[in-house]
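Here the structure of chain A is known, so what remains is to put chains B, C and D in place on it, guided by the hints.
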Amino acid sequence: MDYILSILVFFPAIAALLGFVIDKDSARVYGVTVAAIEFFLSLWLWFSFDGTNAGMQFVELIPVIPDFGVNYYLGVDGISLFIILMTTMMTLIGIMSLSVKENVKNMIITLLFLEMTMVGVFVSLDAIIFYLFWELSLVPMLYIIGAWGGSLRVYAAVKFFLYTFAGSLIMLVGMLFMAYTYQSLTGVWSFALTDWYALVLPVNYQMWLFAAFFIGFAIKVPMFPFHTWLPYAHGQAPTIGSVILAAVLLKMGTYGFVRFSLPLFPDAAVIWITPIAVLSIIMIIYTAMVAYAQKDMKQVIAYSSVSHMGIVMLGIFAMNAEGIGGSVFQMLSHGIVSGALFMLVGVIYDRRHTKMMDEFGGIAAVMPKYAVIFGIMLMASVGLPLTIGFVGEFLVLVGFYQVSPIMTILAGTSIIIGSVYMLSLFKKSFFGPVTKEENKNLKDLDAKETWSLVPLVAIVVWLGIYPKPILDPIDNSVKAMLNFMDEKAITQEAKDMIHVAKSTKEAK
Amino acid sequence: MMENLVYIALFAPLVSSLFAAMFGMSQRKTFVGVIASLLLFTSFVASATLAVEVFTTGEAIAVTMMQWIGMGDLYIPFGFVVDQVSVTMMTMVSLISTIVHVYSIGYMDHDKSFNRFFSYLSAFVFSMMVLVMSDNFAGLFIGWEGVGVCSWLLIGFWYHKPDQSREDNPSISPSWAANEAFIMNRIADLGMLVGLFILYWNVGSLQYDAVFAAIPNLDQWILNGAAIALFIGAMGKSAQFPLHTWLTDAMEGPTPVSALIHAATMVTAGVFLVIRANPLFAVTPEVSYFIAAIGTFVAFFAASMALVNRDLKRIIAFSTLSQLGYMFAAAGLGAYWIALFHLVAHAFFKALLFLGAGNVMHAMHDELDIFKMGGLKKVMRPTYIYMGLASLTLAGIFPLAGFFSKDAIIETAFNEGTYILWIMLVVTAGMTAFYSFRQVFLTFHGTERYDHHEIHPHEMYKFVLIAMSPLAILAVIAGFFKDGFETFVTSLLPAYHMSEHTHHYVWLLTAIVTLFAVGGILLAYFKYNKGLERNEKLENSFIYKLLANQYYIPKLYEELISKPYAMISEKFWHGVDMKIVDRTVDGVAHFLYKSGDVNRRMQTGNLSHYLNWMAVGAVVLMVAAAVTAMIG
Amino acid sequence: MIGLSHYLIVSALLFSIGLIGVLRRRNLLMLFFATEVMLNAVNIAFAAISHFYNDLTGQMFAFFVIAIAASEVAVGLGILIVLYKKHGSLDLDDLATMKG
Amino acid sequence: MENFLASLFTFQGFAFYLFSFLTIILFWITVMSNNVLYAMTSLASGMVLISGFFFILGADFLGVVQLIVYVGAVMALYSFAMMFFDATREIKEKNTNGAVVFVLGGLSALMLVLMFAAPIHSESIQALYPMHEGVGNAQDVGIVLFTKYLVPFEVAALMLLVAMIAGIILAGKKMDKSLTEMMDEDAGEDEILTQKDEK
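Protein chains in written order, with our numbering: chain A, 1 to 508; chain B, 1 to 632; chain C, 1 to 100; chain D, 1 to 199.
These are calculated hints, taken from the structure and not from any lab test. Please note that the accuracy of each hint is not assured.
As the list claims (entries may be wrong) - Derived Cβ-Cβ restraints for the label pairs, each shown as a range:
1) B:I568 - D:V103: 55 to 61 angstroms
2) B:L546 - A:T435: 33 to 39 angstroms
3) A:M356 - B:G531: 52 to 58 angstroms
4) A:I490 - B:Y593: 42 to 48 angstroms
5) B:S165 - A:E102: 43 to 49 angstroms
6) B:R601 - A:M356: 43 to 49 angstroms
7) D:M164 - B:A618: 27 to 33 angstroms
8) D:V103 - C:T97: 28 to 34 angstroms
9) C:T97 - B:I568: 57 to 63 angstroms
10) B:A618 - D:F21: 23 to 29 angstroms
11) B:V627 - A:M207: 48 to 54 angstroms
12) A:I490 - B:A495: 54 to 60 angstroms
13) B:K462 - A:T435: 29 to 35 angstroms
Just so you know, even glycine gets a beta-carbon here, dropped at the ideal spot from N, CA and C.
Just chain A, with the same shape it has in the complex:
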C-alpha cells in the first residue's frame, strides 16, 4: 500500500482515541496489540523498502497551505527507516514491560500519542510538519514525567518541556528565515525539504541558520552546556518514560543534524566542525566522569547516554560515509542498549523501590538471570566487539580520525572511562557478598520482564555479529547525501573536508 507512512503515523493516534472507550483493566492488552500492529507495519515497511535506492521512498505529498508552501510531505530513506523501526519496537517492548500500577489506561493512551509524534518526526520532509511533530512529542512526555514521575516530577517535567521548547522556538525562527530566503530567491513560498536542499545559500546566511538549527537540536541531543535537563528528566520519569526518552527522543536531535543541518548548510557545517567536536569531546569525557561520581544507578545511565550521544555527534561531523553512517548506527545501538538498561533499572526499582547503588550488593548471586542480561547490556554499552555497541563506536572513531587524530584519541578515551563507570556500577550492585537483608530474597526476572528483555539481548548480539542488513541502506543514503553536499558546497575547504567515498565515485 502506498500510504504506509501516513498509516504508520496516524494509526497509533486513532487507536489512542479509541483507547478512551476501552475499560481500565484490559487497557494493557489493548496497548500491546496496537503497538504490535504498529511494529509489524514498520517491519512491512522495512521489507518493502528498496535498500539499494538511496533516495526518498514511499513519498506522500498533499498541499496543506499551497500559497505558503506548507504541504503534508512524508518520505523515508536509509537514514530514517531504522530509527522508525527502533521507535515502534521500543514502544512495543516498553508497553509490554509496563510496570506502572495506577491509571494504566491514561498511560497507554499517552504512549500511543507519543508514538505518533515520534514516527511523525522521522518521516516528515516538510519543515513545518517536522516542527509540528517535534513540538507535539514534548506534550505526552511532559505528562508521562509529570504524572507518573518521582518526587521532583513537576520540576523535572516543566524544566524538560520549557528547555526543549525554547530551543525549538529558535529553530522555528531559523526555518521561517530559511523559507523567506527561499521565497526571495525563487519567488515561491516552500517549506519542503527537497526544495530547500536545492537552495545554495551564501556562507554568512548558512552560518546564522546553522546556529539557529544548532540550538534547537543541541538542547534535544543534549549537548554539553544544555544537558542539565536530562538527569532530572530521567531521575523523575517512570521506567517507561526513561526508556522512550533515552531510546527515541534523544535521537530526534541528532537526526535533525543529519537531516537538516548537514545537507542544507554544508559550508557552515564544515566551519562548525571544530567547535562541535570540542563540545562533543567535553560531552564524552565530562559526563563519563560525572557518571562515575553518581550514587543513583539511573543517573549513571542517564549521564552515560549523554556521553554516547557525544560520540554520535562526533560521527555526524566527521564528514565522511564511515563517520555519519557510524553515527546513525550508533543512534540505533544507543537506543536499544540504553533503553534496555533503563528497563533493567526499572526491574530492580520495582522490587526494592530505590535506585541507590549502595543499597544493592551481591545481587548476581540472588538474581542470576537478571545479572547475566545486565552484564550483556553492560558489555554492549561499553562497546565490546560482536555486540551492537562496538560497530557504531568503531565506525565513528574511524570516520573522525580523518578529521583530526588528536581529537579521536581524546574521544577514544570514552571506551576507557566508559568501562570505568559501567564496571564500577556493576561491581557495586552485583558483585561482593549479599550484605543487605532485603536483597536476600529478591525474586529473579518474571515472565513479563524476560519476554521484553530477551528480544533486546537477541538484537544486541545479532546486530553485533551481522549488521549488514542495517548498514547497507544507511550506507547508500549517507553516501548519496555526502555526494550531494560535496556538489552543493561553495567554499573550497568544505569541498576538501567532505570526503565522498570512492565507491560512490565509481558508482556515479
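What follows is chains B, C and D alone, placed relative to chain A:
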C-alpha cells in the same frame, strides 16, 4: 575439507561454551566438564591436522565466512587464515586449554558454579582462537576484546568475595582485580584502535596481506606511528612495564584460569601481534629496538620483584612477566621465530608450573604464603617432580626446552651487538633460576611450617596428574624440535641466523648462561633447602621493602590516578554540573520570574499612581518627539 | 500683535495646570475639576487655530469636545455617587481595591 | 518687550492678556485649593473667562455654547453633586510626591510651550471649510455643522441621551432614602448584629 576443519577448530570452543552456559545456573554436573574437554580436544585435533596439512603443503588456508562491517570504503569481513604462525598458536592454545579443562574438572570439583566456569573458559578459548586465526586487524581486535572480557569474567569468577584492605590482600577482591584488568586492557586497546585507524586511512583496508603489501609505499612516520600504536596495544595485553600491575592482581582468579590465561595464551597475545605484524616492525628499526629495550627491562624488573615475593602464584606471575620480557626482546631484535619458539616452549612449562601450584593450593586449603608451607616433598611426590622439572626448564638447564629457547634469545641479544641487553638478560636468567628454586625449596623441602591438625595435604586426583603429563613431556622434548620448528615457521617469518662471529663464541655464551643458572640454583639450595630462617635485618632493608611492594607502583597508580580521578569526577558533578551549568539554567528562569514580580508591584490599584505613570509616559514621549524633531 | 502662538502658549499653560491638578489630587471630585480644566485648555487651542487659519473645523471640534465633556461629567458623577455610597469616601487611597 | 507693551494698548492685546492672566490664576486655585467650594467657584469663573477668549477669537457661537453648557450645565451638575459628598469638610490631602507632580507638570508645560512656540505656520495648510467674511459666525457654523458634520452631530446627540440615562440610573438607586438615613441603617445593622451576639 580443510575449510570445515578450520571451522571446527574455531567453533568447537564456542559450542562447548554455549553448551556449558545452558547449565550455568544449575548445580554442578561433571558431564558438562567432560563434554567441554572433549570439544576442546576436537578443536586440538582439528588444529593438529591443519598443522600437519600446512607443514606438508606449505601454503596457508584462507577462509572468509561473511561480511561484518561495510560502510563507505571500509570493508571488514569475518576472514580466517591458517598459516604457519597461526597454526602453531592454534595447536598450542587448544592443547593447553584441553589440559587445563581436564585439570579444572578435578580442581573445581567442589565449587558450586562449576558449569559456569567451563562456559567462561571455553568462551575464552574461542575468542583466543578468533584472535589467532583472523586474517585482518579488526578480527584480531574482536579476539583481543573478547579475550579481555573473558579474563574479566574469569578473574572475577569468585565475585562473592568481599573487598579487603590492601594489607591483607594486595588485590583487594576478585571483582576489583577483574575491573582493574579490564580497564587496563582497555587503555591499551585504545592505542591498538589508533593503530587500526592509521593503517585503515593510509592503506584503505585492514586485511593483513593488503597492509603488508602497502608497507613499502607508506612514508616512515606513518609506519612508526602504526608500529608504536600497535605495540601500545600489545603492551596492555602482555602486561609490559607501565600496564603490568593487573597481571599480579589477576591471580585472584582460580588457578586453571591463571594457568591458561595469565601464563600461556592471553598474555602472549601481545607477542603474537608483534610476530604477526613483523613486516611492519621489521621496517621500523627504532620502534623494534624500543620494544627490545622495554622487553629486557621488564624481564629484569619482574625477576627482581619475584626474588622477595611470598605468594606462590605471584612468583609464577612475575616469572611469566619476565619471560614475556624475553619474548619481546627477541621480537624487538628481529628474531621473530625465536620469540615464537620461546612463546610456545614457555607456554608448556609455565602452564605446568601453574597447575602444580594449583595442586599445592588445593592441598593447602587455598593457603598461598610459601613461608607457611614446606616439606611437601614427601606427601605430594608427583607434583614435586612436575614443579621441579618445570623450574629446571624455566632456569634453562641443558636438555630441557628452556635451554634452547631462552639461550637462543640471549644469543640474539649478543648477535645484534646490543651488549647491555645481553648482560641484563644473562643476569635475569640467573635471577630466574634463583627465585624459581627458592619457591620449590620453600614449598617442598625443609621443615613443615604449617600446623598439622588443620591442614593435612594430600595429592591431587590421579587423572589430573595424568592430564598434566603431556606438558611435562613437551617441556622436556620441545627443545629438540628447534630446527624443525625453524624451517617450518621461517617459510612465513623472516629467517634469522646467528652471524659467523657469534657462532664462533656460541660455546662460551652458553657456558656463561648455564653458569649463571646453576649458580642461581645452588644459591637457592644453600639458602632455603633446610628451611626458612628469617633475618629481620634483610627483610626491612630498603631494597627488600621496595621489591616486596612492587616498587610501590600499585600504590602510585592508586594515589596518582584512581583517587584524583574519583575526586575530579565528584568535583565535576557537584561543582560544574550542579553549580555552574544547572545554576545558569535555573538562574535564567529565576530572573524571568523575579522581573515579572517587580512589575507586579506597579499595579497598586491606586488611580493616582496610574495617572502619574501615564503622565511620565506622556512627558517622555513629548521629550522624545521634541528631541527627534530637533535632530531630524 | 497677539499671534496664534500666544494663544497656544496660554492653552499649553492651562493644560499643564490641569495636568498638575490631575496628578496631585487624591479626591476624585477634585480630579474631575482638573480634567475639566484640561478640556477647556484644549478648546482654547482649537478656537485659536480655527481663528488664525480661517477654518471652521477647529470650532466644530470644540463643540464636540464640549458635548463629550458634558456627557462625561454626567456619567462620571453618577459613578462617583455609587462609589461614595459604597466606600463612604472619595479619597483615591481608600479606593485602591484593584491591588495587583 | 516693546511690542509687548505696544500690544497691551490695543483692545485685542489687553483683553487677551487680562483674560489669560486671570484664567491661569483661577485655574491654579481650582487645582491647588483644599476647599472644594473655592475650587468649584474658581473653576466656574475660569470657564466664563474662557468663553471670553472665544469671543475675542470671533467664535461667538462657541463662546455662547461654552457659557450655557459648560458654565451652566456642568457647573450646576457639580454643585448638585457636591451636595451628596459632604464637601464642607476640609479636604485633607496627602499630597505624596509633590516634587514629582510639579516636575512633571512643569516639564510638560515647558515641552508644550516649546513645541507651540516654534513657528508652525506652514503655508501648505489650506482651510478645509473656510470662514466667510461677510456672514456671521453662528450662520457659518450652522451651515457646516448641519451639512458636513451632520452624522457626528447626531451621534453626539445620542451620546448625550445615553449619558443622561446613565446618570439617572447610577445616581437613582435608593433615591427615596436620604444618604444619612442609609448611613444609620448600615450602622444599625452592625448594632443589631452585635446585639444578637450578646443576647
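Verification of the supplied hints:
A hinted range of 55 to 61 angstroms for the beta carbons of I568 (chain B) and V103 (chain D) is consistent with their spacing of about 60 angstroms. Here the CB-CB span from L546 (chain B) to T435 (chain A) is close to 37 angstroms, well matched to the stated 33 to 39 angstroms. Checked against the given bound of 52 to 58 angstroms, the beta carbons of M356 (chain A) and G531 (chain B), roughly 53 angstroms apart, stay inside it. Distance hint check for I490 (chain A) and Y593 (chain B): the Cβ-Cβ separation is about 45 angstroms, which falls inside the suggested range of 42 to 48 angstroms.
A C-beta distance of roughly 47 angstroms is found between S165 (chain B) and E102 (chain A), which places it inside the suggested range of 43 to 49 angstroms. At about 44 angstroms, the CB distance of R601 (chain B) to M356 (chain A) agrees with the hint of 43 to 49 angstroms. In this structure, M164 (chain D) and A618 (chain B) meet the distance hint of 27 to 33 angstroms, their C-beta atoms being roughly 32 angstroms apart. The beta-carbon spacing between V103 (chain D) and T97 (chain C), approximately 29 angstroms, falls within the hinted interval of 28 to 34 angstroms.
Separation of T97 (chain C) from I568 (chain B) is about 60 angstroms and conforms to the stated range, judged on CB atoms against 57 to 63 angstroms. Look at A618 (chain B) against F21 (chain D): about 26 angstroms separates their beta carbons, and that is inside 23 to 29 angstroms. At roughly 37 angstroms, the beta carbons of V627 (chain B) and M207 (chain A) sit outside the given window of 48 to 54 angstroms. At roughly 58 angstroms, the beta-carbon separation of I490 (chain A) and A495 (chain B) lies within the given 54 to 60 angstroms, and the hint holds.
Between K462 (chain B) and T435 (chain A), the C-beta spacing of about 42 angstroms breaks the proposed range 29 to 35 angstroms.
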